[in-house]
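Given these sequences and hints, build the entire structure.
Counting along the sequence shown from 1, when you hit position 255 you're at 257 in my numbering, and nothing is skipped either side.
Any given hint could turn out to be false.
For lysine to aspartate or glutamate, the following EDC-like pairs were computed, each having C-alpha atoms within a straight-line distance of at most 20 Å [stated by the list, open to error]:
#1 124 / 166
#2 225 / 256
#3 215 / 256
#4 220 / 255
#5 271 / 259
#6 191 / 202
#7 293 / 331
#8 86 / 149
#9 191 / 149
#10 293 / 312
#11 358 / 312
#12 198 / 149
#13 215 / 183
#14 111 / 121
#15 254 / 244
#16 220 / 242
#17 129 / 157
#18 129 / 98
#19 358 / 336
#20 254 / 81
Think of the hints as simulated: they come from the structure by calculation, not from any bench.
Small disclaimer: the values here were computed from a predicted structure and weren't measured.
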Amino acid sequence: MKYIVVTGGVMSGLGKGITTASIGKLLQSHGFSVTAIKIDPYLNVDAGTMNPFEHGEIFVTEDGGEIDLDMGHYERFLDINLTKDHNITTGQIYGEVIRRERRGDYLGKTVQIIPHVTDLIKERIRKVAESSGAEICLVEIGGTVGDIESMPFLEAVRQMRLEEGPNNVIFVHVTLVPVLDVVGEQKTKPTQHSVKELRELGIMPDIIVCRSKNPLTKEAKRKISMFCNVLPDAVVSAPDVENIYSVPLILKEEGVDTLLLRLLSLRSKSEDLSEWRRIVEQMSRAATTVKVAMVGKYVRFADTYMSINEALKHAGGANGCRVLIEWIDSERLEAGEDPGVLGGFDGVLVPGGFGKRGSEGKILAISYARRNNLPFLGLCFGFQLAVVEFARSLGIKGANSTEIDPETPHPVVDLLPEQRVVENMGGTMRLGAQEVIIRPGTVA
3 MKYIVVTGGV
13 MSGLGKGITT
23 ASIGKLLQSH
33 GFSVTAIKID
43 PYLNVDAGTM
53 NPFEHGEIFV
63 TEDGGEIDLD
73 MGHYERFLDI
83 NLTKDHNITT
93 GQIYGEVIRR
103 ERRGDYLGKT
113 VQIIPHVTDL
123 IKERIRKVAE
133 SSGAEICLVE
143 IGGTVGDIES
153 MPFLEAVRQM
163 RLEEGPNNVI
173 FVHVTLVPVL
183 DVVGEQKTKP
193 TQHSVKELRE
203 LGIMPDIIVC
213 RSKNPLTKEA
223 KRKISMFCNV
233 LPDAVVSAPD
243 VENIYSVPLI
253 LKEEGVDTLL
263 LRLLSLRSKS
273 EDLSEWRRIV
283 EQMSRAATTV
293 KVAMVGKYVR
303 FADTYMSINE
313 ALKHAGGANG
323 CRVLIEWIDS
333 ERLEAGEDPG
343 VLGGFDGVLV
353 PGGFGKRGSE
363 GKILAISYAR
373 RNNLPFLGLC
383 FGFQLAVVEF
393 ARSLGIKGAN
403 STEIDPETPH
413 PVVDLLPEQR
423 VVENMGGTMR
433 LGAQEVIIRP
443 GTVA
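Spelled out as structure tokens, the structure:
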């Protein structure tokens, strides 16, 4: 098994997830099977109970796992289905260590971060990688180098390199190279300090991916190579792009795939990225534009609806059009803003959500779409509210969902019976791929 560990420095939000997924796509193009693991150093057991403003979208896996949105990038880029086991959090690790201590598994030893926590981290990584049947496992460590929460995970992967060998575990570090508008020069010092901090932890990056507004200059590459002790061809320019699906092509132009194969002592089986190129070109050649209004209450943070945004882009690309998404705050509609603002759109989408806040605003948007023959798509809670709106339009006064109004006289949407006795919030929803049995003689 080969491992590629992706870390991040300087600041969060640089696109480690997209970089990880793009590296995986390049390796797939050379005939290798790939899997991916996302490590989140927070103490939560999973992302399921997190506020979308706090962490963005919660991506749901086929087996019902509630995971960081980067998992969605892995599945979309690599065309693979991952499971809840492909996400490792500090909460999961500490919880299991404490359970083992209570069972007496440590035979009276003093339980410590090293070796007990780090050994379990390595065990989890190896178990997921080997059970996947893949040849190469990508491991993204969330957060930024220097975060206290990340320390046990960085120590664990440092040990893995020692145990597995330098040709079996390599490190890719994603950093920021900012430009000061006053001087117009790309500044490499933040990257130098980030790599210095990583080296102090015993990890020497093999490749440095430099995020920047524009392509790296030769001088910036030279300085990073010299001060960070990596070969010049291992300093990779990753400038901002309009379409994230072009990132694998940019990394290929930088020679990342050739470099990865060399570092991992692998020989390409076959090289073919033509289908990916075709998809990217098709998305960029869109002849028409479609405007979609997305009505929700988490619209101030675009990452909240990441999978829906990407699905609309995919659908647009497949149909030769560009989808422009505009977010409409349902709370503003609820407060009295005219739903007529939706008149300038080609369609209305109401995504999933929870709770009473903003729900009446969503119903107003759904009503406007129905009455004005605007194409409408409701997802999860959004579709439930469409049922509520339609019932009200038929004269059923007070129709509602029991999630919003437990005392409604007309519960056209009701909680599942098993949900009524649920006490814990985390990990209790009916999620993932579910078998659906349609009763004969019913309308479904």
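These are the hints, each one checked on the structure:
For the hint linking residue 124 to residue 166, the alpha-carbon distance of about 11 Å falls within 20 Å, and the restraint holds. Proximity of residue 225 to residue 256 is assessed by CA-CA distance (about 17 Å); at most 20 Å being required, the pair is judged to hold. Annotation: proposed proximity of residue 215 to residue 256 holds, straight-line Cα distance about 16 Å (limit 20 Å). Distance check on the hinted pair: residue 220 and residue 255 sit about 15 Å apart at the alpha-carbon level, within 20 Å; holds.
Simply put, residue 271 and residue 259 have alpha-carbon atoms about 13 Å apart, close enough for the 20 Å limit, and the pair holds. For a cut-off of 20 Å, the pair hint linking residue 191 to residue 202 stands: about 16 Å separates their Cα positions. Of the pairs offered as hints, the one joining residue 293 and residue 331 holds, with about 16 Å between alpha carbons and a cut-off of 20 Å not exceeded. The hinted pair formed by residue 86 and residue 149 fails the criterion: a straight-line CA distance of about 24 Å is larger than 20 Å.
For the hint pairing residue 191 with residue 149, the CA-to-CA distance comes to about 19 Å; that is within 20 Å, so the pair holds. Distance hint between residue 293 and residue 312 is fulfilled; the C-alpha atoms sit about 15 Å from each other, no more than 20 Å. For a cut-off of 20 Å, the pair hint linking residue 358 to residue 312 is broken: about 27 Å separates their Cα positions. Taking the CA atoms of residue 198 and residue 149, the gap is near 14 Å; set against the 20 Å cutoff, the hint holds.
Simply put, residue 215 and residue 183 have alpha-carbon atoms about 12 Å apart, close enough for the 20 Å limit, and the pair holds. Proposed proximity of residue 111 and residue 121 is supported: the alpha carbons are some 14 Å apart, at most 20 Å. Simply put, residue 254 and residue 244 have alpha-carbon atoms about 17 Å apart, close enough for the 20 Å limit, and the pair holds. Taking the CA atoms of residue 220 and residue 242, the gap is about 18 Å. The hint holds against a cut of 20 Å.
In summary, the hint linking residue 129 to residue 157 is supported, as the alpha carbons are separated by about 18 Å, within the 20 Å threshold. As the CA atoms of residue 129 and residue 98 are separated by approximately 15 Å, the hinted pair is consistent with the 20 Å bound. A threshold of 20 Å between alpha carbons decides the hint, and for residue 358 with residue 336 the separation of about 11 Å falls inside it, so the pair holds. In summary, the hint linking residue 254 to residue 81 is supported, as the alpha carbons are separated by about 19 Å, within the 20 Å threshold.
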